[in-house]
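Asker: With the sequences and hints as input, model every part of the structure.
Protein chains in written order, with our numbering: chain A, 4 to 339; chain B, 137 to 550; chain C, 604 to 897.
Hints are computed from structural coordinates only; laboratory data are not their basis. Built from N, CA and C at the ideal position, the CB exists for glycine as well. Don't take each hint at face value.
Stated by the list, open to error - In silico lysine to any residue, SDA-like type, Cα no more than 25 angstroms apart, as pairs:
| # | chain 1 | residue 1 | chain 2 | residue 2 |
| --- | --- | --- | --- | --- |
| 1 | C | Lys695 | A | Gly322 |
| 2 | B | Lys350 | A | Arg198 |
| 3 | B | Lys217 | A | Gly297 |
What the hints assert, rightly or not - Ranges of calculated distance between the beta carbons of each label pair, as one might list FRET restraints:
| # | chain 1 | residue 1 | chain 2 | residue 2 | range |
| --- | --- | --- | --- | --- | --- |
| 4 | C | Asn792 | A | Phe314 | 15 to 23 angstroms |
| 5 | A | Thr259 | C | Gln779 | 29 to 37 angstroms |
| 6 | B | Ile528 | A | Phe116 | 50 to 58 angstroms |
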Amino acid sequence: MSDAVAVGPAYRSSRRRLAFLFAALVIAVLPLLLTSGYWRTNLTLCAINVLLAIGLDFILGYAGQLNLGQSAFYGLGAYVSTLLITKFGVHFWAAFAAGVAFAGLAGMILSLFAVRLRGHYLAIASLGFAVIVHQILLNWISLTQGPLGIYGIPPPPAIAIPGLPPIEFSNQVALFYLVSAFALLAYLLLDQLVRSPIGEALTAVREDEISAQSLGINANAWKVFAFGVGAAVGGAAGCFYATFVGTLVPDAFFITESFTILAMVIVGGMGTLIGPVFGAILLTLLPELLRDIGDLRLVVYGLALTLVVLFMPGGLVQGWELLRRKFAGARVAGGR
Amino acid sequence: MPHLSWHDCRVDIFVVTVGLGDKIAEEWEPLRKQRFILAVSALSLIATVAFSDANAQDKTIKIGALFPMSGPGAYFGAQDKQGVELALEQVNKEGVNGYKFTIQYEDSACAPLPASQAAKRLLDQYKPDVIIGEECSDATLAIMPIIAQAKVPLLNAGSSSIKITEPGNPYTFRILPDEVMQGVDLATQAYNKLNARTAVLLYENTNSGIGNAKVFKDTFEKLGGKIIADIGFGRDVNDFTAIATRVAGAGKADVIPTYTLEGQGLKITQALAQAGVTKGGGGSAIQLGTIWLPFGFEQKAGKAAEGYVRIVQFDPTDTRPVVKNFISAFKAKFNADPTHLNAHAYDQIMLIADAVKRGAKDAQSMRDTLAATKDFQGVTGSVEFNKHNQNIKMDTIHYMRTEPDLSWTALKWN
Amino acid sequence: MTATIVAQQIINGVVLGSLYVLVALGLTLIYGVLVQINFAHADFVTLGAFAAYFFMHLLGGSYLASIAVALLVGALLGVAINLAIFAPLRHKGSELLPLIATIGVSTMMQNAMLAVFGPVPYAFETPYSQRVFRVAGTFFTEQSVIIVLVSIATIALLYAFMKFTFLGKALRAVAQDRETAGLMGINPNYLIMLTIVLSSALAGMAGAMLAPVLVLTPFAGTSVIVKAFAIVIIGGFGNVEGTILAGLLVGLIESFTTQYLDPGLIDIVVFGLLLLMLVFRPTGLISERREENV
Chain A
4 MSDAVAVGPA YRSSRRRLAF LFAALVIAVL PLLLTSGYWR TNLTLCAINV LLAIGLDFIL
64 GYAGQLNLGQ SAFYGLGAYV STLLITKFGV HFWAAFAAGV AFAGLAGMIL SLFAVRLRGH
124 YLAIASLGFA VIVHQILLNW ISLTQGPLGI YGIPPPPAIA IPGLPPIEFS NQVALFYLVS
184 AFALLAYLLL DQLVRSPIGE ALTAVREDEI SAQSLGINAN AWKVFAFGVG AAVGGAAGCF
244 YATFVGTLVP DAFFITESFT ILAMVIVGGM GTLIGPVFGA ILLTLLPELL RDIGDLRLVV
304 YGLALTLVVL FMPGGLVQGW ELLRRKFAGA RVAGGR
Chain B
137 MPHLSWHDCR VDIFVVTVGL GDKIAEEWEP LRKQRFILAV SALSLIATVA FSDANAQDKT
197 IKIGALFPMS GPGAYFGAQD KQGVELALEQ VNKEGVNGYK FTIQYEDSAC APLPASQAAK
257 RLLDQYKPDV IIGEECSDAT LAIMPIIAQA KVPLLNAGSS SIKITEPGNP YTFRILPDEV
317 MQGVDLATQA YNKLNARTAV LLYENTNSGI GNAKVFKDTF EKLGGKIIAD IGFGRDVNDF
377 TAIATRVAGA GKADVIPTYT LEGQGLKITQ ALAQAGVTKG GGGSAIQLGT IWLPFGFEQK
437 AGKAAEGYVR IVQFDPTDTR PVVKNFISAF KAKFNADPTH LNAHAYDQIM LIADAVKRGA
497 KDAQSMRDTL AATKDFQGVT GSVEFNKHNQ NIKMDTIHYM RTEPDLSWTA LKWN
Chain C
604 MTATIVAQQI INGVVLGSLY VLVALGLTLI YGVLVQINFA HADFVTLGAF AAYFFMHLLG
664 GSYLASIAVA LLVGALLGVA INLAIFAPLR HKGSELLPLI ATIGVSTMMQ NAMLAVFGPV
724 PYAFETPYSQ RVFRVAGTFF TEQSVIIVLV SIATIALLYA FMKFTFLGKA LRAVAQDRET
784 AGLMGINPNY LIMLTIVLSS ALAGMAGAML APVLVLTPFA GTSVIVKAFA IVIIGGFGNV
844 EGTILAGLLV GLIESFTTQY LDPGLIDIVV FGLLLLMLVF RPTGLISERR EENV
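Answerer: What follows is the structure, encoded as structure tokens:
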């Protein structure tokens with residue numbers, strides 16, 4: 004956005020506000036346009052995956068920590084909140100908070116433990132963590148039901164606003180609004196974070212840890228912080244997943260899920276927040292849109308994923324930039 | 137500075153979500169493009185509506201099929217599809233009560249979330265009168281409430297978890313004997329007919345593996361038998377020598393109930409024989425199995441399978457005409473011996489056709505007619521549902537023993 | 604009795620470990636030289652297994668010859684994936700790109716194999732798989748003897764290649780320090796191609812060795828790849844000797860966890876060990892070189 008340099012920060016922030024308003028409008032309108040239960044399901048799933056992707060991107064793209072364990076935080080959020088609700092009768096929102104906190108805490112502990120590891124060592128440590136969490140969910144049958152699964156997980160309790168009919172989350176549209184509002188909120192929060200001095204500190208650590216240290220930035224503390232935030236956002240996605248699908252089995256949080264989330268971030272454009280949003284939407288909808296192809300749909304999906312990486316290594320964000328420049332050029336030319 | 141206007145943003149979203157394959161035109165006219173996309177979606181919507189209306193006027197029974205077609209679960213889906221295709225070919229030759237049958241398959245991937253998506257897609261876009269599937273118990277349990285809410289009957293022939301019919305729901309029917317029916321019967325027969333007093337349990341760590349093994353254990357112990365080792369394993373275990381070694385070292389086992397699919401089952405049977413535990417390897421233990429192994433398993437396993445006693449849902453030595461006709465028609469169409477999965481899929485369609493013959497014409501009447509099924513004669517046995525819509529006919533549990541020449545002997549225990 | 608069981612589980616663990624080593628070696632090579640992960644490695648193993656199967660069962664070839672065929676198929680896959688993925692993405696920035704691109708390749712390959720070979724497991728019988736030797740209360744098949752021997756031979760050849768040939772030395776040099784490759788006057792593109800082809804050929808061969816043991820379906824390779832990843836790390840990224848030792852160790856862990864704990868706990872034990880290793884000995888079982896990553 005080299006041309007944005009010339010514009011004042013006030014203008015930029017008003018443009019951001021417009022963009023967020025627009026996003027809220029899109030979220031509000033989408034379930035009214037797509038009225039089938041199937042498409043509304045896909046919409047909610049998109050919102051859940053957006054949460055996962057921006058959470059991972061905050062760790063990966065901003066703090067530069069190669070985390071392959073996002074599926075573990077996802078699973079922890081889902082299981083902790085669900086077990087609290089179904090086994091101990093905890094209120095949904097308290098369980099939700101506990102799930103998010105637990106996932107965030109797990110992320111911080113993992114990163115404390117792995118704070119001196121970088122690059123692929125961290126990647127593997129987090130992958131190992133994800134394998135172990137999956138195996139624990141699978142084997143601790145007396146607690147998690149393991150492969151037997153947990154069924155009939157209730158939707159969040161209705162919210163009563165005085166003067167209005169209560170909002171029932173057994174209604175798909177209401178649940179979509181809830182999840183996507185939360186996703187938008189998380190996006191806003193992360194967006195504020197990366198634009199604040201905290202974001203600058205994180206970027207400094209990512210770019211050059213030693214120089215950052217010499218500037219008085221405590222690199223380890225920031226890494227732990229980033230891991231905690233990103234994992235907590237992933238945990239929130241897990242809480243929503245459980246109540247949305249209504250069924251929990253450990254295999255939903257197998258390590259391949261981590262790679263799918265990573266692919267969303269890369270395909271969207273790592274290190275931007277908006278990129279992973281669209282990456283998540285694309286990779287959620289693509290296999291669904293390809294259903295009419297039949298048996299070869301996942302072959303086409305794999306091919307598409309490979310081609311996107313090959314020809315758009317900067318992700319959708321880069322593709323959009325290129326397009327925009329071309330379009331801008333054409334408009335200038337046309338104006339003459 | 138190019139101003140970021142509203143329609144730019146919207147085009148962006150459309151390109152991302154809808155126009156995925158679209159090559160971006162050199163001269164980019166966003167508004168026109170967007171209208172074009174909207175027009176196309178509107179047209180296709182109208183077309184879909186018109187098409188489904190036309191369908192409604194014909195006398196058609198629409199069957200939705202939720203089978204795993206991708207991932208390891210495709211093992212089920214591919215075989216189910218064969219059985220379905222054969223049955224449809226037969227019932228559509230002349231139709232039933234003037235009705236023809238159409239089918240739409242959706243890949244439900246053997247997992248709760250994809251199965252829910254596939255179920256909703258079927259319900260929204262195809263509007264079936266009846267749905268058949270899933271195979272994996274957790275996927276079936278996940279789609280049951282969705283399908284029941286749409287008041288469409290679901291006919292299952294592949295998931296054994298007791299929870300599907302206990303408590304179940306009014307719209308879910310199962311023709312497969314559940315894990316309790318199978319497990320109680322297997323343990324009792326082992327104790328009484330084989331005089332087994334000790335057993336080693338081998339099972340995959342899945343919903344059905346754990347569930348089936350538990351029922352056997354409870355029944356066998358209640359009868360006075362003893363479980364001397366209880367070994368569960370993941371579906372990613374390939375080499376069973378270590379497990380066979382443990383079984384060999386666990387003491388003398390009379391029977392070894394084994395709950396796995398064909399692939400791992402093959403490796404287990406061979407490893408147990410190599411370890412000298414089972415009859416096929418010179419030992420004395422008899423491997424017991426339920427439902428999951430296809431006809432032809434012993435040819436693949438070789439001599440190691442000798443003495444294997446197991447429940448089969450489909451007995452190819454059965455002399456009822458319905459079985460003989462099925463086998464010859466299947467061989468003619470696919471040039472292969474049918475498996476139990478082929479047979480169950482075939483029975484599902486035939487039961488639906490039978491319901492139509494008895495007056496079913498839409499989802500609700502299909503449900504009511506299915507519930508009233510009495511003594512339907514299928515390839516895998518007969519069908520009669522109890523008040524939980526579980527098939528209670530014990531003639532669906534056939535016992536087979538593998539002889540030294542790898543042929544089958546029907547044990548006629550039920 | 605107990606001693607026999609221990610001896611038997613050692614045999615089981617070593618046989619299984621030898622197979623894991625064959626799968627992990629290819630991963631280690633690519634990682635050591637390129638610092639990259641080929642996610643489709645598992646599917647190369649699977650395709651190697653199918654190549655061996657069809658060579659034996661359709662063309663009537665011998666098992667030993669089918670190993671060579673699988674090796675060749677693997678090598679060709681290596682050429683293809685280098686030309687299509689690794690070479691074009693080399694200078695595109697993030698090292699994550701080839702990982703994601705090969706995830707796409709892996710999805711594509713698995714589902715293409717599913718469409719072609721179908722989901723029903725193939726029974727891969729070699730003349731050796733049912734011949735059982737019984738020695739002092741223990742048992743093992745002729746197939747497992749072949750597995751161990753071929754693994755040893757492969758490892759020896761690879762070792763000799765790395766230690767004594769010019770190219771091998773160049774590869775090791777790159778693995779230790781990517782700057783020096785240029786100093787040795789070797790085109791790095793050529794070395795990269797060599798690494799990937801070698802790694803993929805090993806994957807294909809591992810497929811033929813595993814095929815009689817695996818449940819042979821289009822998803823066969825994925826069942827061993829997670830353990831192969833663990834082995835690469837426990838062995839110390841890119842360290843061939845470490846990988847061999849780690850492979851045997853994981854094989855033994857698997858057989859002893861099965862015997863004394865529960866087969867469901869194998870991955871927990873293996874990855875628990877891995878995490879401990881990362882904390883206490885991040886350079887792997889055998890540390891011989893400095894680590895810039897720590």
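Asker: Taking the numbered hints from earlier one at a time, note which ones the structure violates and give those numbers from smallest to largest.
Answerer: 2
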